[in-house]
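> Protein chains in written order, with the working numbering: chain A, 157 to 458; chain B, 152 to 315.
Be aware that one or more of the hints could be misleading.
Keeping only pairs whose Cα atoms sit at most 16 Å apart, straight-line, the calculated EDC-like set for lysine to aspartate or glutamate is [to be verified]: (1) A:Lys302 - A:Glu322; (2) A:Lys158 - B:Asp179; (3) A:Lys302 - A:Asp169; (4) A:Lys449 - A:Glu362; (5) B:Lys184 - B:Glu244; (6) A:Lys158 - B:Glu168.
Calculated from the structure, these hints are not laboratory results.
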Amino acid sequence: MKAAPFEYARAADVDEACAWLAADDGARLIAGGQTLVPMMAMRLARPTRLIDINRIAALSYIRQETHQDQDGIAIGATTRQCAVERDALAAAKVPLLARAIPNIGHAATRARGTIGGSLANADPAAEISLIAVTLDATLSYRAGGKTTDIPARGFHVGAMVTSLPEGACLTAVRFPVWQGRIGTGFHEVNARSSDFAFVSAAAQIELGADNKCKRIVIGVGAATDHPIRLESAERQLAGGALDPKAVRAAVEAALTDIEALDDLHATAAYRRRVAAVLAARAVADAFADAQGKKVQGNANAH
Amino acid sequence: MRIELNVNGTVHEIEVEPRTTLLDCLRDRLDLKGAHAGCEHGVCGACTVLFDGAAVRSCLMFAAQATGSAITTIEGVTPGPGELSPIQDAFCETHGLQCGYCTPAMIMAAHALLAGNPAPTREEIVEAISGNICRCTGYAQIVEAIALAAERMRGVNRPRSLTE
Ligand code: FES
Ligand code: FES
Chain A
157 MKAAPFEYAR
167 AADVDEACAW
177 LAADDGARLI
187 AGGQTLVPMM
197 AMRLARPTRL
207 IDINRIAALS
217 YIRQETHQDQ
227 DGIAIGATTR
237 QCAVERDALA
247 AAKVPLLARA
257 IPNIGHAATR
267 ARGTIGGSLA
277 NADPAAEISL
287 IAVTLDATLS
297 YRAGGKTTDI
307 PARGFHVGAM
317 VTSLPEGACL
327 TAVRFPVWQG
337 RIGTGFHEVN
347 ARSSDFAFVS
357 AAAQIELGAD
367 NKCKRIVIGV
377 GAATDHPIRL
387 ESAERQLAGG
397 ALDPKAVRAA
407 VEAALTDIEA
417 LDDLHATAAY
427 RRRVAAVLAA
437 RAVADAFADA
447 QGKKVQGNAN
457 AH
Chain B
152 MRIELNVNGT
162 VHEIEVEPRT
172 TLLDCLRDRL
182 DLKGAHAGCE
192 HGVCGACTVL
202 FDGAAVRSCL
212 MFAAQATGSA
222 ITTIEGVTPG
232 PGELSPIQDA
242 FCETHGLQCG
252 YCTPAMIMAA
262 HALLAGNPAP
272 TREEIVEAIS
282 GNICRCTGYA
292 QIVEAIALAA
302 ERMRGVNRPR
312 SLTE
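Chain B extracted, bound-state conformation (with noise of 0.2 Å):
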């Protein structure tokens, strides 16, 4: 059947199959290989992204399901070529990821997290990451490293007095 689909601001036109994931469709017809293909049946949440603004798992709804909704992964949160989001900073700098399999969908839960909530407590990036699995850092870096980046977003177009 053929679908439209809004990734990162731009509508393809594609042929799909019925049973196709959102998540086989970003990766395999867009070759948006950002989300990753853990379990592919929803206890990973390594397909994370987001889906009309809200962190969903790709791998846990049918592309033809997408048509009429904004999709955004990975790839669309940077601000230009060779740049990084603040929030993939932070994880860089805090040593957020060891062998970035979770990576991705950790960061589109956080940018989730953080247009709703520019100051979340550590309990509620807890939770808002409790269904990303993470098999390498032991999450401390990944918790230091969305607080970090909150702290930062915060801190924009705010006249340096008012943040130091």
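The following block holds chain A by itself, in its conformation from the complex (with noise of 0.2 Å):
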């Protein structure tokens, strides 16, 4: 299995990869290459240049930002998995994001695989692009000189597919930090632990002083094209006591007509009920992390 042909290019910066890759209909970015190399193996991907953005310093880091009032943790784009999965303050502030990072792929890919490059290839069952659209995280990116601020549920689309421009770059995205009492749950379900989730559910709340649910985002990956929020859910759980029964009852409701895949390894049938299952238990989850009880976490992983 060899890649076909291409030429390759190490950018110095973000700009002169935008303007390598305007110039060049065949071009592609390249950062951790734990997707494209694959498919570039299998000639499923053919790019006719290659522009390497690993090497851009300023794409690489993990930082406290506040926008518009809003405490957040910015990523650069090309910052490993790994380095996110060890960092103390993305673990401390964005607790949800280190819940799902190990069930990336393995120690081998995390090493390399990026966070932007993963939002940017969108697979359906990416848990970086669920926690991103769970949180409702903002991505930037760079074109034409001019950088763009868009957030995660619009950026995901489809099936590989995100709204980003022709020619432009990811260059970070931005986690809101949430305050006070917070859990978080992760859930997701795979042939093997660590490959591609056939379902996959994250979910975070903020508890009140009288451990009603203040505030609660609950999100669901790979079982449709492209990560979803249950939002109707959301709206009816907020406020209440995150009773067992009421969760189950509320995430079955909200996924009744979704659009869910179908494929070799798992009906639709079959994710709609999963989908449910795990989303109720990452509520549960994050209900007892947040209370400060211990939480078993992805009933999957070993």
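Hints in hand, dock the two standalone chains.
As structure tokens, then:
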């Protein structure tokens, strides 16, 4: 399995990468390459030119940022997944991301794979995309010398399809930081630990002093062609006591008319059913976590 | 294109096509056959090498991308000719290999793990090699080998009274 011939160039900065992209229709950016290189090996992708953005230092960072009074953790596009996995700041401020990251591929692919690469690749099963959608992260890209922000929910539009304009380079993602009594939950089901998820679910809640749910977000990945939010369930559950029966009913109702993927690995009916189970588990974990109870985490891991 | 590759402490200047993977470059140009070509698309782990200290799949990057980084292959982990590293030793002792196809990559994954975590739990060992497929051993002895190597490496340079 060998890739078709191509030209290779390392970009010194983002604007150079964008200019090269714009100049050549067949050119593609390469970040971690953990999806692109196998695609090239199987000749499913045949870029004429690879523009390597791995060595652009300005694209690799994890830092705290405040945007319009909203605290956030900003992560540069080519920051390695393993760097986020090990980062204490990211773990403390965006615990949901920290819960999800060990489920991405294996240690050896997380050592190369990047945060932005995974987002831009937009696989329906991508954990980072699910967390970005669940937390309403903001993505930034650069094109034509200008930086533009785009909400994660508007960015993911289909399987491997994003609203990133032609010739643009994703530069960063900003995850909002929640204050107060926060709890998170994440679950996925796959054939073997760390394989592509058939279904994944994430939830984050904020509890009030009365142990009632002040704020809740629930996301489901891999069930549909891009990650979704269970908005009707969120509306129903906010302000309540998160009684397990009520949670299950709310997520089930929110999932009834999704267009679930149907393939060799899992039928649409299976995905819809498992999505409800995992979403309810993620909410239960988040609830326990917010109360300081120990949470087992992804039941599927090992 | 001309690239500079730092492998096991030696810098080589090599002429490669951009599409040459790091794996093919190591095997075919530098004659380092320890990194094995199993699937060549990132699913078996047989091609694992250390890239700036981290275990990565050498079939999932192009040789041209490696300029400026330090690569370690299985050929680079032995203390001297004819000797074995403590991890290699442990694999022999616990029968951590049968056909040996997966072994160099397992050992590189173990090196990366133990460099950052001298006392891994069983779960951490399993997680560290979870991306490496072995079709022979059933993994039990591999996990045992890494645990044994970890224990020995922890004991190095410590007085016997503390390790026994
Ligand atoms: S040869 Fe690289 S992962 Fe199989
Ligand atoms: S020893 Fe044969 S594949 Fe692992």
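> Could you run down the list of hints and mark each one as holding or not?
Here is how each hint holds up against the structure:
In summary, the hint linking Lys302 (chain A) to Glu322 (chain A) is supported, as the alpha carbons are separated by about 14 Å, within the 16 Å threshold. Distance restraint check for Lys158 (chain A) and Asp179 (chain B): the Cα-Cα separation of roughly 14 Å lies within the 16 Å cut-off, and the hinted pair is therefore satisfied. For the given pair, Lys302 (chain A) sits about 14 Å from Asp169 (chain A) by alpha-carbon distance, which is consistent with the 16 Å threshold. Straight-line distance between C-alpha atoms of Lys449 (chain A) and Glu362 (chain A) comes to about 14 Å, which keeps the hinted pair within the 16 Å bound.
The suggested pairing of Lys184 (chain B) with Glu244 (chain B) is violated, with an alpha-carbon distance near 23 Å, which exceeds 16 Å. Only pairs whose Cα atoms come within 16 Å are accepted, and Lys158 (chain A) paired with Glu168 (chain B) is accepted, the gap being roughly 11 Å.
In the structure shown, a violation is registered for the earlier hint numbered 5 alone.
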